[in-house]
Every structure is written in C-alpha cells, then in structure tokens.
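Fit chain B to the known structure of chain A by using the hints.
Taken in order, these protein sequences are the chains called A and B. If you use our numbering, the first sequence corresponds to residues 1 to 765, in order. If you use our numbering, the second sequence corresponds to residues 1 to 159, in order.
The hints are simulated quantities; they were obtained by calculation from the structure and are not laboratory data. Ideal Cβ positions, reconstructed from N, Cα and C, are used throughout, including at glycine. Check before you lean on any hint, since a few could be wrong.
Derived pair list, reagent style DSS-like, types lysine-lysine, alpha-carbon separation capped at 30 Å [said to hold, decoys possible]:
#	chain 1	residue 1	chain 2	residue 2
1	A	Lys36	A	Lys444
2	B	Lys155	A	Lys695
3	A	Lys36	B	Lys2
4	A	Lys241	A	Lys280
5	B	Lys119	A	Lys695
Each pair of labels, with its calculated beta carbon distance range [claimed, not checked]:
#	chain 1	residue 1	chain 2	residue 2	range
6	B	Asn8	A	Gln30	11 to 21 Å
7	B	Lys2	A	Ile594	54 to 64 Å
8	A	Arg152	B	Lys2	32 to 42 Å
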Amino acid sequence: MSSEKKTDFHVVNHSIPRRDGRVKVTGRAQYVADLKLIGMAYAKVLRSPYAHAKIISIDKSRAEAHPGVYCVVTGYDLDGLNPYFGHAVKDHPLLAIEKVRYAGEPVAAVVAVDERTAFEALEFIDVKYQELKGVFTPEEAMAKDAPLLHERKFEAGALRGFEGDVTAGKGTNICQTHKIQWGDVEKAFKEAAAVVEGNYYFPMTYAYAMEPYVAVADVTDQGVNIYSSAQHPFMVRHDVKSIFNLPVSKVRLIVPFVGGGYGSKSYTKVEPLTAACSWKAKRPVKLQLTVEEAMLTTRSDDAYTWMRTAADTNGKIIARQAKIFMNTGAYAENSPLVVEKSTNRCVGPYAIPNVLIENCSLYTNTVPASSYRGFGCAQVTLPGESQIDELAAKIGKDPYEFRLANAAKPGEEFFPGMRPFDGTLKQDLETAAKAVGWGTPLAKGHGRTVACSGSDAGAYPLTSTAVRVHADGSVTIMTGSTELGQGSHTVLPQIAAEALGVPFENVNVVSSDTAITPYDRSTGASRTTTLMGSAVLEASEEAIQQMVVMAADVLKVKVEEIQKVRGGIRCGEIQLNWSQVISKFYALPDGEVIGRSYIRKSGKFAALPVFWEAAATGVEISVDEETGKITMEKLATVGDVGLAINPALAEGQDIGAATMGMGIGLFEELVYQGSQLMNGSILDYRLPRFSDLPKKVELHLVQNQDGVGPYGAKGGGEASLNSMAANIANAVDRAVGVRIRQAPLTPERVWRALRDKKSKMEDRG
Amino acid sequence: MKLLFQLNGKPRQVDCEAQETLAEVLRNTLNLNGTKISCEVQVCGACTVLVDGAPVSACTYLAYEARGKTVTTIEGLEKADGTLHPLQQAFIDEFAFQCGFCTPGMIMSAKALLDENPKPTRDEIIHHMDGNICRCTGYVPIVAAIQRAAETMSKESKK
Numbered sequence: 001m002s003s004e005k006k007t008d009f010h011v012v013n014h015s016i017p018r019r020d021g022r023v024k025v026t027g028r029a030q031y032v033a034d035l036k037l038i039g040m041a042y043a044k045v046l047r048s049p050y051a052h053a054k055i056i057s058i059d060k061s062r063a064e065a066h067p068g069v070y071c072v073v074t075g076y077d078l079d080g081l082n083p084y085f086g087h088a089v090k091d092h093p094l095l096a097i098e099k100v101r102y103a104g105e106p107v108a109a110v111v112a113v114d115e116r117t118a119f120e121a122l123e124f125i126d127v128k129y130q131e132l133k134g135v136f137t138p139e140e141a142m143a144k145d146a147p148l149l150h151e152r153k154f155e156a157g158a159l160r161g162f163e164g165d166v167t168a169g170k171g172t173n174i175c176q177t178h179k180i181q182w183g184d185v186e187k188a189f190k191e192a193a194a195v196v197e198g199n200y201y202f203p204m205t206y207a208y209a210m211e212p213y214v215a216v217a218d219v220t221d222q223g224v225n226i227y228s229s230a231q232h233p234f235m236v237r238h239d240v241k242s243i244f245n246l247p248v249s250k251v252r253l254i255v256p257f258v259g260g261g262y263g264s265k266s267y268t269k270v271e272p273l274t275a276a277c278s279w280k281a282k283r284p285v286k287l288q289l290t291v292e293e294a295m296l297t298t299r300s301d302d303a304y305t306w307m308r309t310a311a312d313t314n315g316k317i318i319a320r321q322a323k324i325f326m327n328t329g330a331y332a333e334n335s336p337l338v339v340e341k342s343t344n345r346c347v348g349p350y351a352i353p354n355v356l357i358e359n360c361s362l363y364t365n366t367v368p369a370s371s372y373r374g375f376g377c378a379q380v381t382l383p384g385e386s387q388i389d390e391l392a393a394k395i396g397k398d399p400y401e402f403r404l405a406n407a408a409k410p411g412e413e414f415f416p417g418m419r420p421f422d423g424t425l426k427q428d429l430e431t432a433a434k435a436v437g438w439g440t441p442l443a444k445g446h447g448r449t450v451a452c453s454g455s456d457a458g459a460y461p462l463t464s465t466a467v468r469v470h471a472d473g474s475v476t477i478m479t480g481s482t483e484l485g486q487g488s489h490t491v492l493p494q495i496a497a498e499a500l501g502v503p504f505e506n507v508n509v510v511s512s513d514t515a516i517t518p519y520d521r522s523t524g525a526s527r528t529t530t531l532m533g534s535a536v537l538e539a540s541e542e543a544i545q546q547m548v549v550m551a552a553d554v555l556k557v558k559v560e561e562i563q564k565v566r567g568g569i570r571c572g573e574i575q576l577n578w579s580q581v582i583s584k585f586y587a588l589p590d591g592e593v594i595g596r597s598y599i600r601k602s603g604k605f606a607a608l609p610v611f612w613e614a615a616a617t618g619v620e621i622s623v624d625e626e627t628g629k630i631t632m633e634k635l636a637t638v639g640d641v642g643l644a645i646n647p648a649l650a651e652g653q654d655i656g657a658a659t660m661g662m663g664i665g666l667f668e669e670l671v672y673q674g675s676q677l678m679n680g681s682i683l684d685y686r687l688p689r690f691s692d693l694p695k696k697v698e699l700h701l702v703q704n705q706d707g708v709g710p711y712g713a714k715g716g717g718e719a720s721l722n723s724m725a726a727n728i729a730n731a732v733d734r735a736v737g738v739r740i741r742q743a744p745l746t747p748e749r750v751w752r753a754l755r756d757k758k759s760k761m762e763d764r765g
Numbered sequence: 001m002k003l004l005f006q007l008n009g010k011p012r013q014v015d016c017e018a019q020e021t022l023a024e025v026l027r028n029t030l031n032l033n034g035t036k037i038s039c040e041v042q043v044c045g046a047c048t049v050l051v052d053g054a055p056v057s058a059c060t061y062l063a064y065e066a067r068g069k070t071v072t073t074i075e076g077l078e079k080a081d082g083t084l085h086p087l088q089q090a091f092i093d094e095f096a097f098q099c100g101f102c103t104p105g106m107i108m109s110a111k112a113l114l115d116e117n118p119k120p121t122r123d124e125i126i127h128h129m130d131g132n133i134c135r136c137t138g139y140v141p142i143v144a145a146i147q148r149a150a151e152t153m154s155k156e157s158k159k
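If we strip away everything but chain A, and leave its shape as in the complex, we get (with noise of 0.2 Å):
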C-alpha cells in the first residue's frame, strides 16, 4: 500500500475492529432466522412443478382440515389486497393468480403451529394445472409463435430509478430494452485497422446469501410490521403498502442483522407472501425459505452478447457495438434497471468516440433474475474485457499497455452526459501488474492477465439521516442503511467520530427500522459509505452548528466569537466539549442535539452516476492441459476507493467480490434442462470453497482522495467481481492458446476448447 497518502485523521483512515465483532464471534448476533413472536405462527410453500400452467383448480379443504393447520392462503384468497408488486414493473403476483410462468413458483403457503405441520400439510393442497408451452431462453421468447408469459398491461412500478418506457406488457415477451449511441459505429468499423468479433454467454448464477429469505409479519389494525433480511427495507416498505393500502407511516420494515446480502436480498422477496399469511392467520408469521427454496427465488440475469471492437494503427480503440439478449426470468424485478446497467457497462471505462451498444431482456419460464453484485456489469464484462485481450493481441499490443493507453483518464468526460470519470485506472493497473510481477518469466502453461471495471456506481441519490448528540458527549447515528457485513455499523461511526471529534466507541447505530430511521433508498450499488456517509457527515456538521449557537446562547456573546475545535467549542479562556455545551443548554445534564441531512440528487450530487467504481484485478493461472482444470496461482485486487473509511473492511469488500467472480470465472453456474432448474441445490452448485483460494493473494488499495463522498471517499465492493470472468478467459488463452467465450470455464469446456485446438492443429498438420 506505498501509494497511500498520508493523511493526519484521527478515527477515519484507521482498520478499526469491526463494531458487530463481538456479537457476531460469541453467536450472539441477532438475524431474522433467529427470531420469535408470542404466538407465532409458520408459514411453508407449495411451488409448481410446471414452468408454465393455467391454474384450473386448487382444493386446500383437506390441507386446512390437518390438525395444527391455521389456513391456507393461495391467489384465490387475496381479495382485498392488491396482489401485484414490483418497483420496476408491478408484475409479480405474491402468489400465482390464474397461472404459473416458473417450475417453483409459489401456488399456496399454508400457516401452522410450526414448520414441520405446515410441511406435512402441503401435500393435501390439490392443485389442477393445464401445462402451457414455456420458453426458457431469449431465443424462444423472441419466436414469432412464442407463448406470452404476460398477457396484461403492466403499470410502471414508482420507484425505478431510471427514466425511460416500460417495454413490459405490451404483447410481447420483452420485458425491457436500452441503447445508446454515439459517433458513427458503420464508419470507424469500415475504417478500422483491426476489429475483434464473438458472441460471449454470461451464465445464470446464485449468489448464496447462506441466510435464505425469510420474513416474520404481523398484520393488525394498527398497520403491518414485518422483520425481513431486505437489503433495502424503504423500498419493501412501498410495495407492502402498495399491496396492503395503507400509508407509508402504517408499514413497518424492521432488518437486523442479515446473512449476506450481495444483491439478491435488494427489492421485495417473500415479505407480501409473509404479511398475506398473517393477515389470513390473524397471528405473526415466520416465512424462512430453505436454500432451495431461495435458489428458486431469485438469480442473476444470464446474457447472450455478440459484440465488436475496432482499434486504429496507432493502438486507440476507436468504436465498440454490441447486441445483448438477457434472460430475465419469469419476473421484472430488478432486471430493468440492470439493463441499462449492463448498456452503460459495455463501454468498460474506455475512452471510445463510436459507441452502439443495445440491450433487450425477455421474460422466459425460468427463476425470476434480478439484481446480484455489481449488476450488469460483470455479464458485460466479461466480453468487453475479453475483446480488449484479443484486439491487443490482434495489433500486436502487450494487453497491460493497450489498456493503458485507452482507460478513461481522471476528469476525462468518457461517458457522453455523465459525470467524469473519477478514478485513476492507470495507477490501479499498475498496481494489479505489478503484483501478479507483469513482463517477469513466466512457467509453461501459467497465463498473466490483468484487467479493469469502472462502473456508474452509487444508485440514485436520495438518502437522509439524523445523528443525535446525547448530553453526555455520546453519539447515535439513525441510518436506513443496512449491516450486511459490508461494514456500515463501522464505517459509519467512524465517519461522525472523526466530524465530531468524540471516541468511536462513543457512538452508537440504529439501523433499518422504517418507523424510526430516516428514508435511505437502498443499501447496495457501493453506495453506502458515499451517501448514506456523505449524510452522516453532513448531519454531524450541522449538528455542530446548532451547538455552536447553543453555545453562544449559555455563555451569553454572540455566536461569531464562538470557535469550533476538535470535540467542542472554545470562546476566550473558555473551552467546553459537547456534553457541557448540551448540559448547560438544557440546565440538566441530559437531553439531546439532532443533526439532520437531506440528500438529493442536487449539488455534488447532481451528476450521475453518484462515482464510477474503479477497480483491477490481476491474475496468474495454470492450466492443466490433461483435465482442462485450471489452478488460481496468483489473485491480486485494487480498489480505487478515494478514501478508504476503514482500509481492512475496503480490502475485504474486494476480496470477496473476487472471490464471487472468480467462482463464476471457474464453475458457479445455474444449469436449466427444459423447464426444470437442474441444480438448484447447494449439493449441485458448486461454490467457492477454501480449497479454491489462489495460492497467493495481494490486496492493494489505492486512495487519491478523489470521490464525491466524505473525506473524498467513494464506494467500493463490487468492481473486483466484474473483472474476473474476463481475466480467467484471457490467462487461459495466454495459457495455453484457446479463447473461450463463456463462463464458467470449467474443467470440461477448457479440455473440450484444447482437444478442439489440437484436432484443428493435426488437420493442417
């Protein structure tokens, strides 16, 4: 980490141990999974067996009449209720009205004095189905004759996000398109130098939040209260009053600590199913999906992208154009939003004056795809980096220099209408090349790549928060901002202990509970310690404020001869910290300041994306050209952060992400047969294990103090996944000679691509 600057923080810039260290190594953590209500009861799914059915009939008498079963709750019964949620496109029905469109789909939930009754009892539902044909690839979505997985008119859900048309419902399977242009494509390819074509397959993946979904509800006259593992409590809270009709102030999204998160637990899951049972049962409900369940639940949109790029004689890329069909599942969710995403992704954080990139997802009879870390950027990723490797290579260009010369420069407005690009990649591939040991020897069959993300990052600014100074000197931060293990109840502290000037271990969290911290639209897109931060910052400042004129108020002079100094006030002789300026105030010691913060896209923030998240990773793999497995020797990640709040929990963040895109790299893959999921269990989908670990890793940080967040910081977390699918297929190709184009690369696909090379080589030979 030479290329820190120094910097002469007290509280922020330090590896302080986590804040949720001790209860979560004691196993006193609390989850949802750990919960229990006075008189609770549990709720289990019944799922379709086909991946597209009229519902003809469902009998649940004999379910109901099972001894210790409170109801049975399935589309019929929700009269009453409006049954549709999504905030994209309000097309998921919580459960299955009039038709299935997936194999798993929820039909009914029955609610019983525990989970084992609730069990038994699914069995006696009688569900008559008349199977319709699926399609289950864009492919078969786009055939002139494909069936319809929606036949009504959706209306826009409220809270996109983005603008643009909803493409969903309107007599086609399509359930969202996104382009984007500029320059002349046709032209700069006509006058290329060289130009590099293929079509690349991103799979379906899971990310495997060893938490599953679960929720518990309880609906009463007093309004829904629901426990959930959301990663975004406030925008649950507007489909479950949606779905309920009720005010926002009468829902209640209460998260405590949640097992894992990296974007499958944004946007509603189970929690209207949840709030449904409770309130046909007229009791609390727990809904805790086993992880089959939650593999039936959500996964990452799978992508088909042919793509091109064109470099000049003088080693510029000049132009890229690229068609991606994503499988978008059987349900919106978020996927709209991580197609135009996944568009905007395309461009990589190249500077490329021709750009043609369109993006089209289709509904199709498979597990609904959504959000999964760094959304749409690695589906993306992985073909734009790969073709960066084969156009270097096709110049005649050493791959590190090529991308050198064409990554977006700090302040370089690469991305026409957004904000400038904000990060150094030069100095981060410098960093990656230098610790995988870029231009030294290298042994038979090991391959050396390095490679890049930047992606607009942050979401959509909209985030308020309240930190109260208590007259003892001690700290609470309200935040909508969830603990997911990223770090916030650390990093946040940290932000207003250094704001403040008080000890870290002096301020305290309360997180996600709709009814009493302030709107955050999201905890996810690497946008926490840039705004919900930037809040926190900013709140603390005004809460000094207010203190400074407090201050002048007890000691009777004006509120100009009050000087602001580390942890309190200083007027002439007299110097008083927090706690005695609040004391006196109130002429008792006790009581409290709020400092607030409202924050919009306006000011800073009016630019989107709210920063670009830059990264690179580095890799050294070998191949074992008997079996076609591929050995991980060498993994190195640097994070262009800005400012790393807390250095350890920013290395974490990019170790993990690496390590997801490194599974994904090498055998993570959702695999459907027809219309059934063929490995949609944890004994068939292969996850990263410690066996898997790269033999050597290096973490790097870099931190120019360059992001629009607190301190000059920005996010980080997902950009060292993005890379890494791309990296594994270009140090395979400079491996050992075959290019793959698909992730993963398994054994098998790396075996089959050399037996492939080396019969083609023996038919020239």
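Only chain B this time, still in chain A's reference frame:
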C-alpha cells in the same frame, strides 16, 4: 424422549422427538441461536458444533445421537469473565467475517482443528476447513485468523 447430555460444560436434560436434529433442539428448545442453519444438507458447515470434541453438522445430526455426550456450541467458548477464546479474538482482529452467518460454524470447525493440531500449516488449515463455506470474505482473512489463534494458543500454553 428424554435427552441428557453435557452442553457447554453443564448437564442438560430436554425432551426431544426422535426426528429432531441437534440444531433444532439447540435453536428451538434451548434458544441457543448461535448455531446457524443454511444448506441443511451437510455441505456448508454453518451449523458446526463439537460432539465429544469432533465437528459435526448439527443440521443433519439427530439430537438423540448426542445422548450422554459432550456438546460444545459457539455459546460455550467465551469465558465467564468475558474473555474470548483466542479464535474468537483472532476472527475480530483479522476481520475474518462480514455478515457473520458462517462465523459460529467456522470458529467451531477451527477449534476442532487446533484442539487436535495446535500448529497447522496453511495447507492443513485449508484441508480441514474445506467443509465450511463463507460467501463474504474469500477465506483469506479466515486462514490468517486461524494462524493467529494458533500462535496465541501456543504462547498461552507455554506460560
């Protein structure tokens, strides 16, 4: 049926059903929620507890099998005076968790390793821990935490 066993150093007797797993009895009957349940098929290691010192997956281990045995869960590691087990402290010091859902099982598996092999090599740690999945950390800081705890424990045993 009655189940009598040693739990975190104290004898406990509870009623359990024949089909109940040890994880169900710990979580539902005894309210010891530190033992987490994730995959339910003995793949992820989140539910790891020690039975007579050996790591078992409580999600698939029948509670009745623990009769007369000694069971240690994550709740049994902290001393009465609040001192953490060296592994717990090392997990904090090395930032070896994020969401924390795998952490109790991870620490219990690591404890089984260090109890048997106080000075494991990196390869031995990786081999022993391969049945515990973490989705957040990329495993790097967990290996470091286990190495750090091993050093601490070896220093303590020399005192």
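May I ask which of the numbered hints given earlier this structure violates, with the numbers listed in increasing order? 1, 8
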